[in-house]
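With the hints in hand, could you dock these two chains into one complex?
Read top to bottom, the protein sequences are chains A and B.
At position 26 of the first sequence (counting the first as 1) the number is 26 in our numbering, and the numbers step up by one without a gap.
At position 117 of the second sequence (counting the first as 1) the number is 458 in our numbering, and the numbers step up by one without a gap.
Hint data in this document are derived by calculation from the structure and do not stem from the laboratory.
Wrong hints could be hidden among the right ones.
[Stated by the list, open to error] Examples of chain B residues lying across from chain A (beta carbon under 7 Å, computed):
1) Leu474
2) Tyr483
3) Arg484
4) Ile490
5) Ile495
6) Ala498
7) Ser505
8) Arg506
9) Val507
10) Ala508
11) Ile509
12) Ile651
13) Ser654
14) Leu657
15) Leu658
16) Ile660
Bear in mind the structure is a predicted one, so any value in this text is a computation, not a measurement.
All C-beta atoms in this analysis are idealised placements derived from N, C-alpha and C, irrespective of residue type, glycine included.
Chain by chain, the residues run as shown.
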Amino acid sequence: MLNALSPTSVVASRAFFPPLLAAGFLLLLVVLASLLYGAGPVSARDAMAALMANGTEEAWFVVTELRLPRTIIALVTGLALGLAGALLQSMTRNPLAEPGLLGVSAGSGFAVALAILLGATTATLTTLVAQLGALAGCALVIAATRVQGLGNDPVRLVLAGATLTGLLLALTSMLMLMDQRAADEIRFWITGSVAGKPLSILWATLPSITLALVLIAIAARPLAAMALGEKAAVGLGHHPGRIRFLITFTVALLVGSATALAGPLIFVGLVVPFIARAFSGPDIRKTLWLCVPVGPAVVLGADVVSRLIAAPAEMPLGVITALIGAPVLLAIVRAGRMPSL
Amino acid sequence: MPDKRNALVNTTLLGLLILATIISLATGTVQVSLLDTLRALAGNADPMTDFVINELRLSRVIAGLLSGAALAMAGCLMQTLARNRLATPGIIGIDNAATAFAVASVVGVGLSLAPSAMALAGAAAATAIAFGLAGANGTRGYRFIVAGIGIGAIAGAVTQVMLSRVAIDAANAAYPWTVGSLNARSGQSVLVLGMGLTAGYLVLMSLSRALNTLQFTDAVAIALGTRLKATRIIGLGLAVMLTGLAVSVCGPVGLIALLAPELARALYRPGKVPLTAAALTGASFMLIADLLGRTLFAPLEIPVGIITAIVGSPYLLWILLKPSPRSLT
Numbered sequence: 001m002l003n004a005l006s007p008t009s010v011v012a013s014r015a016f017f018p019p020l021l022a023a024g025f026l027l028l029l030v031v032l033a034s035l036l037y038g039a040g041p042v043s044a045r046d047a048m049a050a051l052m053a054n055g056t057e058e059a060w061f062v063v064t065e066l067r068l069p070r071t072i073i074a075l076v077t078g079l080a081l082g083l084a085g086a087l088l089q090s091m092t093r094n095p096l097a098e099p100g101l102l103g104v105s106a107g108s109g110f111a112v113a114l115a116i117l118l119g120a121t122t123a124t125l126t127t128l129v130a131q132l133g134a135l136a137g138c139a140l141v142i143a144a145t146r147v148q149g150l151g152n153d154p155v156r157l158v159l160a161g162a163t164l165t166g167l168l169l170a171l172t173s174m175l176m177l178m179d180q181r182a183a184d185e186i187r188f189w190i191t192g193s194v195a196g197k198p199l200s201i202l203w204a205t206l207p208s209i210t211l212a213l214v215l216i217a218i219a220a221r222p223l224a225a226m227a228l229g230e231k232a233a234v235g236l237g238h239h240p241g242r243i244r245f246l247i248t249f250t251v252a253l254l255v256g257s258a259t260a261l262a263g264p265l266i267f268v269g270l271v272v273p274f275i276a277r278a279f280s281g282p283d284i285r286k287t288l289w290l291c292v293p294v295g296p297a298v299v300l301g302a303d304v305v306s307r308l309i310a311a312p313a314e315m316p317l318g319v320i321t322a323l324i325g326a327p328v329l330l331a332i333v334r335a336g337r338m339p340s341l
Numbered sequence: 342m343p344d345k346r347n348a349l350v351n352t353t354l355l356g357l358l359i360l361a362t363i364i365s366l367a368t369g370t371v372q373v374s375l376l377d378t379l380r381a382l383a384g385n386a387d388p389m390t391d392f393v394i395n396e397l398r399l400s401r402v403i404a405g406l407l408s409g410a411a412l413a414m415a416g417c418l419m420q421t422l423a424r425n426r427l428a429t430p431g432i433i434g435i436d437n438a439a440t441a442f443a444v445a446s447v448v449g450v451g452l453s454l455a456p457s458a459m460a461l462a463g464a465a466a467a468t469a470i471a472f473g474l475a476g477a478n479g480t481r482g483y484r485f486i487v488a489g490i491g492i493g494a495i496a497g498a499v500t501q502v503m504l505s506r507v508a509i510d511a512a513n514a515a516y517p518w519t520v521g522s523l524n525a526r527s528g529q530s531v532l533v534l535g536m537g538l539t540a541g542y543l544v545l546m547s548l549s550r551a552l553n554t555l556q557f558t559d560a561v562a563i564a565l566g567t568r569l570k571a572t573r574i575i576g577l578g579l580a581v582m583l584t585g586l587a588v589s590v591c592g593p594v595g596l597i598a599l600l601a602p603e604l605a606r607a608l609y610r611p612g613k614v615p616l617t618a619a620a621l622t623g624a625s626f627m628l629i630a631d632l633l634g635r636t637l638f639a640p641l642e643i644p645v646g647i648i649t650a651i652v653g654s655p656y657l658l659w660i661l662l663k664p665s666p667r668s669l670t
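The shape of chain B in the complex, shown without the other chains (with noise of 0.2 Å):
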C-alpha cells in the first residue's frame, strides 16, 4: 500500500476544494444559501437563483478554478525540473512576458492573435531565456531566479511601454491582465484552458515515475532507466503551456504557483511529485484569494493578483530569510 497516505491527502484536498467551489458560488452580491446553491446546480432551483448561480458566478468559478490549478501544477512542474523550490513561473518572469504578450494581442499591437496563444508565445520566449541565460551555476540557487526577475521586470517595461501606445479604451480593457484578475477572461480563453488543463495533466500523469526520479541528480535518474532530456522538453513544455494559458485566462497571479505546490509537499509523502495535490491546492487558493477580493471590501472589488501578492508575499519573505532553507543551492 505505496500511496495510501497521497491518496488521503488527495481525498481530503478535493472535498476542500469542492466545499471551497460551492461557498464561492453561494457568496456575492446576492447571498445564495448552500442548499440552494447545490439545488441551483443540479438544475431545480428558482429562475433567480438559477440565473445568478449558473449565469453569473459559474464561468468565473471555472476560470478561477481551471487557471489556480493548472498555475499550480506548472509551478510544480517547473521546482522539480529546474531543482530549485523558487523557479516559479512567476517568480522568474514567465508570467510577466505572458502577460505582455497577450496585453499585445488585446492592445492590437503586432499580429492580432487570440490572447491565449500570445500568451503562449510569451510564456515560450521568456522560459528559453530563462533556461538559455541560468549561465555557470545552472537552474540551482538563487541566481538563476534573480536573473527571472530581470526578464519580468523587461515584460513588464514592455507591458507599459504598448498600454502607453495605445488608446484609453484599449489600455482599459487590458489593464486587468497586469495586475492578475478573474474580471478579464473571455469564454474561449477558459475552454482552450480546461482543454489544455485536461491533456496536460494526462501526459504528466504518464510521466510521473520520470518526473520522481528527477528528484535525484542526474547519474541516479538515468541508473534509474529515466530519458533525462526527453522528459525534461516535455516538462518544460507543458509548465510553459499550463502557465501560457491560466495567464491568458487571469493574467500574472503568480504566488499561487509557489504556494499551492509548498502545501502540497509538505502534505505528500516525500519523494513523490505533488502534481495533483498542487493542482487541487491552487484551484482552492484561487477560489479563495478571489472569494475574499470579491467580499472583504464590497462592493469594491479586490483584484485576485493583489490579494495572493499581500498573503503570498510574507511567505515568500519568511523562505528566504530563514537562516537555512532547505532543498536549495
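Isolated chain A, as found in the complex (with noise of 0.2 Å):
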C-alpha cells in the first residue's frame, strides 16, 4: 500500500518514513518493558535471563504464561482502537470522533453484559455480540451526524456521545445489580483491561480483525478521496455512499473485537490519531500506517504504567488511558480552531 502512495507525495513522504521508523522502534522498547516489568516478584533481571532461555522456571512461567499473552492482546487492542478511531475520524470530519467517546464501546460492552446476563458463556459467541453492539452504535454515530446540524458541529456529536455513553453504562450497572453472579463475569468483560484474559478470546477476534485490515486495504484509497469531498470522491469514481458503510463496519468489527478483548477503553481511539496525525497530515492512508506501530505501542505503554503505579496491586487500564487521554481532548477543544480533517 505504501508503494500505491500517489507520486505527488515522494516529497511528503520524506518526512513520512521517519516517524514510523521511530514509532516501531518506540513499540520494540514497549514491547519488551512489557515483558521485563510487572507487578509481581519477578524482578527485570530474571525476566531478562528468562527471555535469554537460562532463567529460573518461575520467571519462565511469569514471562511466557502471564505476561506474554496479556502483551499480545495490548497490542491487538491498540491496533484496533487506533485504526478505529482514525477511520472513523476521517469518515465524518470530525477530529473528536471517538469509538470510546461517541459510545460504540459503551454499547459493545452494554451488549456483552446483556448477553451474560441472558445466559451467554462462550468466548466466540460474546465476542460476535461484542461486535452487533458496537454495529449498533456506529449506526447510531452515523445516524446522528445525518441529523441536520449536528454533522458539522464536532463538538456537539462528542456530548451526544458522552449522554449516551451515561445512559448506556448506567443501563448496564443495573444489570450489573439485577444478578450478583453474572455482574463478576460482567466486570470481567467491561472493566478496561488485558490483565489475565485467556488467549482463546484472541482467537475468537482474529478472523474479524483480519477481515478488517482487508477492508481497510481496499477502503483506504476510496476514504482519502473522500476526504477532497463526496463530488470529488464521485467523480474519481467511487461510491460514497458503499464506502461510509464499508467504513462503519470495519468500525464496528474493530471495537466490537478490542471490546471483547480489553474492555471499553476510552480515548485511546482518540490519542492514537492525534499523535499519529501530527506527523502524518491530512492523508489518512499515512495516518493509518503510523497507527500500526502508534495504537499497540500506546495502549501497551499504558498498560505497563498500569501494572507499575500501584503495584503489588494493579490499576484498570482504562484508568491509565483516561488520564492520558482527556488532556488531549482538552487540548483538542481549547485550540481556537478544530484541525480540520
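In C-alpha cells:
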C-alpha cells in the first residue's frame, strides 16, 4: 500500500518514514518493557535471564504464560482501537469522533453484559455480541451525524456521545445489580483491562480483525478521495454510500473486537490518531500506517504503567488511558480552530 | 402584580414536594398508610410506626430533599452565570471532581479532612479549571461543555486510582459516592449541607435582581446597575459550595442539576431566574428518583444516580439532537 502512494506525495513521504521507524522502534521498547516489568515479584533481571533461556522456571512461567499473552492482547487492542479512531474521524470529518467517546464501546459493553445475563458463555459468542453492539453503536453515530446541524458540529456530536455513554453505563450497572453471579463475569468483560484474559478470546477475534484489515486496504484509497469532498470522490469513480457502509462495518468489527479483548477503553481512539496525524498530515492512508505502530505502543505503554503505578496491586488500564486521553481532548477542544480533516 | 404566575408555580411545586415527601416516608419494606405517616410526623403514632418513619426514613428523606434542592439551585445558577443551558455542574465535571476529593478523604489519601470540606475543595478546583480553560469561545457554546467532559473523565479516573490503591473495606465504603446514592450520607454532612443551603438561598434571594439582569448582554447588565464581577464571583462561589456540599451527601447525581432548572424555567415567567422553583423541583426529583430506586426492584436497591442517569440522559440527548437548540451558542 505504501507503493500505492501517489507520486505527488514523494516529497512529503521523506518526512513520513522517520516517524514511522521511530514509532516502530518505540513499540519494540515498550514490548520489551512489558515482558520485563510486572507487578509481581519477578524482577526485570530475572525476566531478562528467562528471555535468554537461562532463567528460573518461575520467571519463565511468568514471562511466557502471564506477560506474553497480556502483551499480545494489548498490542492487538491498540491496533484495533487506533485504526478505528482514525477511520471514524476521517469519515465523519470530526477530530473528536472517537469510538469510546461516541458511545460505540459502551454499546458494545452493554451488549456483552446483556448477553451474559441471558446466559451466553463462550468467548466466540461474546465476541460476536460485542461486535453486534458496536455495529448498533456505529449505526447510531452515523445516523446522528446525518441529523441536521450535528454532522458539522464536532463538539456537539461528542456531547451527544458522552450522554449516550452515560446512559449505557447506567443501564449496564443496573444489569449488574440484578444478578450477582453474572455481575462478576460482566465485570471481567467490561472493566478496561488486558490482565488475565485468556488467549481464546484473541483467537475468537482474530478472524474479524483480519477481515477489518483487508477492508481497510480496500477502502483506504476511496476514503482518502472522500476527504476531498463527496463530489470529488464521485468524480474519481468511488461510491460514497458504499464506502461509508464499508467503513462503518470495519469500525464496528474493530471496536467490537477491542471491547471483547480489553473492555471499553475510552480515549485510545482519540489519542492514537491525534499523535499519528501530527506526523502524517491530513492523508488518511499515512495516518493509518502510522497508527499501526502507535496504537499498540500507546495501549501497551499504558498497560505497563498500570502495572507499576499501584504495585503490588494493579490498576484498570482504562484509568490510565483516561488520564492520558482527557488532556488531549482538552487540548483539541481548547484550540481556537478545530484541526480540519 | 408582576409575580403572580411565579408565585402560583412555586406554591404548586411546594405542594407536589410535600406530597412526594410524605409518599417517600410512607413507602418502603414496611408500608405505612399516608395518614399514619402524618400522625407519626406529628408525634402521636404507635412506637413501631414512629420508629420506621422518624428513625429510619426521615433522615434519608431529609438528605434527599436538601441535596436535590442544592444541586438544582447550583445548576440553575451555573446556567445563568455561564449563559449556557448545558453548563450544569454534573455535565462540566464538577460533580466528579468533588466525588474524587470526597473519596480521597474517605479512603484516607492525603489530608484527613471531613468529606464535606474535601468535596468543596474538589468542586472549587474543577470550577476553576473549567472556567480557566474556557478558551477563545468563553463559556458559551459546546466547547466549554466538552472541556468539562475531559475534566470529569480525569476526576473519574483519579477516583478509580484511589479506590484501587486502598484496602477493599475502605473502597467499599467509598463506592456509593462514585455512582450517587443516599445510602452513604453521614449525619454531619447533611447538617453542613442544611446550613449551607439556607445561607446560600438567602444570599441568592438578595442577588436575584442582579442575576436576572445577567440574562442580557454584559453591556445591558452594567447599564441596569449590576456589578458584574462581584455578582459572578459570588454566584460562582455559591454554585461551587452548593454542589460540593450536595455531593458530599449524595455523590454525583448530576442530571438533577440539568433537569430541574429546565422544568422550572419552562413553568416560570420568562426573564426571571427560577431559583426557588428549581430548588423545589430538584428536591422532588431526588425524592422520586430515590423512591423509584428503592421500590422498582425491591428488595434490590438501585442507586439514585443510576435512576437519574437512565431517566435524564434521553432528555439530554433530545436537547442535543434537536435541529435548533434554543438559548445556546
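Consistency of the hints with the structure:
1. Checking Leu474 (chain B) against chain A: minimum C-beta separation of about 6 Å stays under 7 Å; hint holds.
2. Because the smallest distance between the Cβ of Tyr483 (chain B) and any Cβ of chain A comes to about 4 Å, under 7 Å, the interface hint for this residue holds.
3. Using the Cβ-Cβ criterion of 7 Å, the hint placing Arg484 (chain B) at the interface with chain A is satisfied: the shortest such distance is roughly 5 Å.
4. A distance limit of 7 Å between C-beta atoms decides the matter here; for Ile490 (chain B) the minimum to chain A is near 5 Å, and the interface restraint holds.
5. About 4 Å separates the beta-carbon of Ile495 (chain B) from the nearest beta-carbon of chain A, less than 7 Å, and the hint is met.
6. This hint holds: Ala498 (chain B) has a C-beta 4 Å from the nearest C-beta of chain A, less than the 7 Å allowed.
7. The interface hint given for Ser505 (chain B) holds, since its Cβ lies 5 Å from the closest Cβ of chain A, which is under the 7 Å cut-off.
8. Against a cut-off of 7 Å between C-beta atoms, the interface hint on Arg506 (chain B) holds, since the closest Cβ of chain A lies about 5 Å away.
9. Contact between Val507 (chain B) and chain A, as hinted, is not supported at the beta carbon level, the nearest pair being about 9 Å apart and thus beyond 7 Å.
10. The beta carbon of Ala508 (chain B) is not positioned within 7 Å of any beta carbon in chain A (closest approach about 10 Å), and the interface hint is therefore violated.
11. For the restraint placing Ile509 (chain B) at the interface with chain A, the shortest Cβ-Cβ distance is roughly 10 Å, beyond the 7 Å limit, so the hint is violated.
12. Hint status for Ile651 (chain B) relative to chain A: holds, with the closest Cβ pair at about 5 Å, below 7 Å.
13. Look at Ser654 (chain B): its Cβ gets to within about 4 Å of chain A, closer than 7 Å, so that hint holds up.
14. The interface hint given for Leu657 (chain B) is met, as the beta carbon of that residue sits about 5 Å from the closest beta carbon of chain A, less than 7 Å.
15. Taking 7 Å as the C-beta contact cut-off toward chain A, the hint placing Leu658 (chain B) at the interface holds, the least distance being around 5 Å.
16. Annotation: interface hint on Ile660 (chain B) violated; nearest CB of chain A at approximately 9 Å, more than 7 Å.
The structure fails hints 9, 10, 11, 16 (numbered hints given earlier, in ascending order).
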